[in-house]
Amino acid sequence: MDTETLSRIQFAATIAFHYFYPPISIGLGLMLVFMEGLYLKTGEKIWHQMAHFWTRIFGLVFAMGTATGIVMEFQFGTNWATYSRFVGDVFGSALASEGIFAFMLEAGFLSILLFGWNRVSKKTHFFATCMVCLGAHFSAIWIVVANSWMQTPAGFHLEIRGERFPANYPLRVEDIPHARAVIEDFWAMVFNPSSVDRLTHTVLGAWLTGAFLVASVSSYFFLRRRHLEIARRGLRLALPFAAVVSLLQFLSAHSTAKGVAANQPAKLAAMEGIYKTEAAAPLTAIGWVDEKNERTIGLKLPGMLSFLVHGKIESSVKGLKEFPPQDRPKVQPVFQLFHLMVACAFAMAGLAFVGTALLFQDRLFSPNFAPSRWLLLALVPAVLLPHIAGQAGWFVAELGRQPWIVYGLLRTSQGFSEVVSANQVLTSLILFSMVYALLFALFIYLLNRKIHHGPDEDHLPKHDGGIPARANA
Amino acid sequence: MPSASQLSQVFGLPLYLDLSALWFVLVGILFVGYAVLDGFDLGAGTLHLLARSDHDRRLILNAIGPIWDGNEVWLVTGGGALFAAFPLVYASVFSGLYLPCMVLLLALIFRAVAIEFRSKEPWKWWRNFWDLSFCLSSTAVGFLLGVILGNLAQGLPLDAQGNIRIGFFELLTPYPVLVGLLTVVLFTMHGANYLILKLEGPLAEQARFWAQNAIIAFIILYAMVTGYTLLYLPHLAAPFRAFPFLNVLPLITLFVIANIPRELNQHRPMLSFLSSCGAIVMLLLLFGVGMFPNLVYAIPPGPLNLTIHNACSTTKTLSIMLLIAFIGMPIVAAYTISIYYIFRGKVKLDSTSY
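Going down the list, the sequences are from chains A and B.
So the first sequence is residues 1 to 473, counted in our numbering.
So the second sequence is residues 1 to 354, counted in our numbering.
Heads up, a few of these hints could be off.
Pairs of lysine-lysine residues, derived as DSS-like cross-links and limited to a Cα-Cα distance of at most 27 Å, are as follows [to be verified]:
1) A:Lys330 to A:Lys292
2) B:Lys124 to A:Lys450
3) B:Lys120 to A:Lys450
Since the hints were made in silico from the structure, they are not lab data.
Construct the complete structure from the given sequences, taking the supplied hints into account.
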């Protein structure tokens with residue numbers, strides 16, 4: 001394999017592995033804010049116990065997130081040097097902002113969140129939790145802004161050999177080493193056509209990840225008849241929240257898809273396997289793309305795609321045949337992963353709504369009511385659903401952008417580091433794969449152990465009167 | 001609004017004092033911040049295995065426990081700022097020095113998880129494995145950072161596109177290796193000074209002993225690197241010859257370095273730690289003066305050098321980033337100081353410790 005392919009595999013592998021952790025940090029961070037906020041408001045010690053238990057898990061997840069995240073900050077330079085030179089003037093400021101506004105905030109206040117229980121007052125601790133949560137959200141903002149600029153570049157012009165060219169000027173291959181994108185309007189770059197939609201979609205997905213993690217572990221505790229009160233409160237907190245968020249997620253998904261149709265029509269066509277531009281384009285519920293014969297077979301809802309995208313059944317949706325073959329993404333993986341994501345979304349919404357309904361009927365915790373038992377049983381493995389949806393969704397976004405690294409501007413095949421040999425990338429890829437496999441196994445082992453250990457039932461704040469106790473007087 | 005270079009002309013300041021020069025300083029501050037702050041974490045890691053008992057090792061780990069993560073962020077932010085301000089340097093250096101960078105990243109990963117995982121299980125083999133990982137990865141980070149800096153200063157085979165084509169072992173020539181070793185002993189000395197502050201009793205005495213030995217090794221290596229620089233890398237010494245008043249800097253550096261053993265012997269750990277911080281600042285300042293306005297020297301040093309002028313982003317981006325830095329940095333400084341204040345004093349192990 002060549003440097004480009006190997007670099008793509010390495011980027012995909014390292015970011016997919018990394019992306020296991022940030023959604024938990026964002027979503028669980030918000031759950032921690034709820035728990036500690038409720039503790040402050042009600043003064044009930046059980047909320048404190050829960051916050052303490054979940055903080056320990058948060059700490060483990062966060063450590064893995066930072067450890068694997070640092071690779072991402074440097075990989076643009078190591079493996080995508082041509083890309084970095086080309087976009088640095090625009091893209092770099094988003095990454096730098098992420099460092100200064102998000103990572104510093106997160107990492108700084110994390111120390112109080114994890115180690116400050118007995119050193120600061122409970123209000124200060126709550127403030128630190130809020131700051132960590134805010135930092136996690138800030139990091140989502142900047143990185144999604146940066147990625148969205150790659151999807152729908154805006155707010156810039158081109159500069160080739162020092163001369164100014166408009167943003168839509170078609171770059172020639174020989175110009176690329178002498179060309180760069182130059183910032184024209186910072187806010188137009190930040191609020192490029194897809195960033196708000198995609199940010200909302202990403203953050204809601206992360207909230208679902210946090211809610212389903214709490215719901216899953218709480219269900220497990222409840223079914224095992226352990227830490228019952230903590231389990232009940234966890235479900236009471238997580239399920240209605242998940243129900244509301246999954247509803248919002250459908251709205252956000254709809255808005256995002258409309259944006260994709262407008263800005264990246266080839267991606268939308270690949271998501272639904274549409275080859276021919278036609279009126280009343282169908283929505284495929286489940287299907288298979290026959291890439292050779294350029295058609296998609298499966299269970300289709302006629303006119304639905306046109307309706308969803310344009311609000312009218314008779315509107316036409318642009319098909320892949322409108323694009324020359326070299327400008328099309330790979331259809332099958334984009335199509336299947338998109339449908340996988342949607343399936344997970346429906347499963348999550350279903351579980352969350354049934355759970356909430358049972359909760360409001362006061363039947364969720366009645367031991368002899370079979371549907372409740374089944375629901376709780378289903379919620380335990382459902383922790384995987386938001387992760388599958390998140391990973392699948394990002395693969396759709398990134399594979400669907402291909403063959404472009406910056407949509408319509410620079411091709412992925414033109415962005416990699418030409419001085420790096422395939423063997424070097426292979427070496428680093430093997431190293432990363434081995435290390436990440438080891439880390440993941442250890443992470444799951446330790447996570448499992450922390451969950452089995454459960455909250456310390458007798459763990460209460462040493463000083464509950466808001467007077468900080470210092471170990472070192 | 002007049003541009004920065006117009007301003008500098010109006011006020012009769014050298015033309016160098018423009019936005020890109022300012023960003024040279026700001027990126028420098030981020031990396032200096034990283035070296036001063038994470039430097040003692042890395043040094044504590046290098047020293048970790050010298051503590052024999054499990055309890056002592058936990059004390060060392062928890063001395064950096066609440067803050068190492070925030071310290072590491074300075075490197076990430078420095079990387080981001082480098083990307084934004086000098087994208088050509090970011091792209092050329094990280095791709096050209098591909099394998100050392102990858103090993104550096106792996107070492108940073110291993111250090112992070114070693115700290116996190118080490119005390120999670122009581123088994124001897126488990127703790128020994130992570131102790132070893134913590135020590136080796138911390139040492140490797142310091143060494144590789146030094147090797148990278150050494151290569152930027154010594155010169156790299158840059159072509160007209162800014163590409164660096166060089167094999168892994170060609171990067172390990174004597175000068176970068178010496179700078180790498182210097183960085184390791186510098187961080188070790190710095191870490192030992194930090195540990196004296198955070199530890200008590202016999203372990204603090206031990207840390208003092210480590211600091212005293214590390215400072216000797218450091219002074220020897222520093223003399224070697226300085227000698228090598230003066231003999232073989234005249235381009236680094238050129239600014240000092242051109243502007244003789246700059247020679248006050250190496251003198252201050254010597255004074256600050258000499259003050260470390262003095263404060264150690266006087267049993268003033270805070271002052272010896274601050275002197276050690278000062279030494280790192282001064283060394284990187286000397287490095288910065290030797291490099292300015294270059295960011296990467298070509299072989300031979302000349303028009304192919306990556307400089308603050310041919311490798312920087314546009315004035316617009318640099319101005320936007322300046323605003324971001326002016327908003328962000330004071331906030332970061334404020335809460336960083338509060339967090340160090342909250343976690344001040346000697347380390348005590350409790351249920352939340354590593």
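- Hint by hint, which ones does this structure get wrong, listed from lowest number up? none
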